[in-house]
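Protein chains in written order, with our numbering: chain A, 25 to 636; chain B, -6 to 228.
No wet-lab data here; the hints were simulated from the structure. Positions of the beta carbon are idealized from the N, C-alpha and C atoms, including for glycine. Among the clues, some could well be false.
[Claimed, not checked] Pulled a few chain A residues facing chain B out of the computed Cβ check, cut under 7 angstroms:
1) E64
2) I241
3) G250
4) L271
5) E291
6) S293
These are the residues of each chain, in order.
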Amino acid sequence: MSDELNINKKRNNQIKTKSSATSGRGETDIDYVRPAELPEQDLYHGHSFITKWIFCQDAKVIGVQYTLTAVFTGVVGLILSWMMRMQLGFPELFPFLTAETYYQMVTMHGMIMVVYLLTALFLGGFGNYLIPLMVGARDMVFPYVNMISFWMFFVAVVVLMASFFVPGGPTGSGWTLYPPQAILEGTPGSGYGILLMLISLSLFVIGFTMGGLNYVITILQARTRGMSLMRMPLTIWGIFTATVLALLAFPALLVSSIMMTLDKVLETSFFMPTIIKAGEALSYDGGSPILFQHLFWFFGHPEVYIVALPAFGIVSDLISVHSRKNIFGYRMMVWAIVGIGALSFFVWAHHMYVSGMSPWFGFFFATTTLIIAVPTALKVYNWILTLWRGNIRINTVMLFCLGFIVTFVNGGITGIFLGNVAVDVPLSDTYFVIAHFHMVMGIAPLMVIFGAIYHWFPLVTGRLLDEKLGKWHFWITFLGAYSIYFPMHYLGFIGVPRRYFEMYDSPYMTSAVGMNEFISVAAFIVGAAQFIFFYNLVKSLRLGKPAGKNPWKANSLEWLTPDVPPTHGNWGEKLPVVHRWAYDYGVPGAKEDYITQTTPPSEVKDAEVEKT
Amino acid sequence: MSDTDLDKLPGGFKGMSEDIGSDQTTFKGVNWGKAMMWIFLLSDTFVFSCFLIAYMKVRASVVEPWPYPSEVFALEMMGVPVPLLLIAIMTFVLITSSGTMALAVKYGYEKNRKMCGWFVLLTAIGGLTFVGMQAFEWSKLIFHDGVRPWANPFGAEQFGAFFFMITGFHGTHVSIGVIFLFIFARKVFRGDFDTGKRGYFTTMKSDYVAIEILGLYWHFVDLVWVFIFAFFYLW
Ligand code: HEM
Ligand SMILES: [Cu+2]
């Protein structure tokens, strides 16, 4: 096969030189696109219900499966957050909320939200659905492996959920799972709970790797004719870079999970130092708990960007489409995504400032951390400049995008505080940190997810979501989330520690009591507002306004399939041919305010399109 | 950079930037599976690096003395302990199997079914020998010397823990490779790669390129062994 391709390549080069020399035809063909390099993809078409909907190899179905499973875990995480807020706002109201259950809820909430909801939703959900469609492929390159990837994830979720039901309950070590406490008696769930957590994480990593390899290779090696890397929508760039990060960061999580499992089961001492308990030495000796922290955060920090980069990419596209303007500084945006991705491997120890490390080490990591702020700020400016003088449609999608920018900037600024060692040391492990990361990686990406669902729901189902309910959903979520997290900055300043289940009546914290009640009420309302959204999804699925083709008048390929919603194989008879980037909106001289990626130059001769 | 700037750069650069800037594929003429294996190996490199770096960190910081590898891994030959004898043979076998794998790939591309099949089989046997010798080494350490993951008579207990974990993880890689080598040997002999028979699970057509992909994995596993060898037995 590779010989065949080489010949193809040579032939292409010949054709290229011929057409540019304008020999033969008299005039250059301005619509010229290099001929196909690859043979048609060989696809397996399911016939039975099982191969079509359950063990399905169609990336679109897999994407929906990932999304639904991830959203299910998200609802569990949400309910846990309700119970935590119940305890924090109104302590001792519910006798079943003990300190132990609180720790378990904190842990499960954190891990579920970060890994099983956001990572799975952005990469597994949006990645699967959008990558083949947006690059013009018929499917992922290895649909079978892709299918296994989802089922691995599914088993990982089942194992995780099983830990709620085993003796001792789920682990209560905090989502960072720091040893030695994670596996020592006295921590809730230090028996089966932590074990199931570690197994579930390992399964997640294995499953993700299968999917991730697919995403990377589909983007690198299976684009359609005319789709160069620099014509890909930013959504794809975000997902691509995040996937590469994940493929390089998850190994550290896998390794630390394996080592901790051995510490737990075989009583090895990788992470476990000499410990005296009730006057007696445990069997552990000489391990290094800090080593775990390094491994965990070598995964953990890139993980933040695994969640953020797809959100960056998606929001760029949404903003561009709904303000009818090209994205400002496309190339800069691409390089910023790639640069942030690369830098994210050199900042991990900013999570360990209080672990007793050398000041020089802290100095180094503070510097790298602040350097990341540069490309990040660049992106924010570019979003704003895209909106600037755009023909903005204030619909639900746009509202969520604006909400994203606000919450992201807010969280980003507190990040600069926390990146500095001297400021972080007193703020570490307080509610200031909670406020920071909920703003920047909790609420901001969720805003993008909601925006993206309002945007792409018509593609997936053929029907529009209800705008009125959508606006209610947005305003309650946005204002509510602000009411939850903004006061938490203050709580952090007065020193309220995170992961404490009750303040009792510590006299210096009386001013926190009323605030905690307020935050809790807001959290209940925000959580309840999500059910408006679920109702909207279910209702619109059956009764929503039919969307027709390309309801947003977008340029990118996913809206240009012959069937809407796209069917297996995506493109019917012929693959699309791409002539431009995805951002030709409001081009002077063009008949309409958008020029799709497949429109050949000869049809828009008078328009002043960007050269891409 | 303009085209003329590019022309000034040495050979491959121009082609590389053209490939990256072009449509459809970034690595021209590279089969999907092959590209995927390369990226997977990159990811797996990070796994092994994490293991080895963790090992170095702990070895550097434990207070108890680290066992002396030349003595621990010595074999008694005619009354004299010969350091690293078994490991040397193991390493030799594994590296040789990389050679036979390379030949299998060569014959695969020549569509020489018989020779390809034999060399795949030979590689599998090499791998199996390696795993067998590793099992022998483990059992010697466990039953004869009393080394356990949680304790050992020679000093720092992490010695056993890291040894079993890392060689075990590597051995698992070799074993998976061996299983696939046997399966592929059967497929080659049966002629699947000549007829393009469809896979039972994946329903995709078989192609000799699969041998090369498996070969990439196999060479990688060998390369990792070289590092483990250096860090465990020579340090
Ligand atoms: C309705 C929305 C949410 C509410 C009300 C909420 C509430 C909370 C609360 C009360 C805590 C425990 C604080 C403590 O005692 O230390 C917490 C921790 C945490 N949350 Fe959320 N959360 C929400 C959404 C999210 C989302 C979307 C994410 C995804 C990134 C997230 C990630 C985390 C993490 C990582 C922790 C730390 C867990 C730990 O300390 O081990 N949360 N959240
Ligand atoms: Cu970080």
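Each hint tested on the structure:
no.	hint	in the structure
1	E64	violated, 12 angstroms
2	I241	holds, 5 angstroms
3	G250	holds, 5 angstroms
4	L271	holds, 4 angstroms
5	E291	holds, 5 angstroms
6	S293	holds, 6 angstroms
This entry does not satisfy hint 1, going by the numbered hints stated previously; all others are met.
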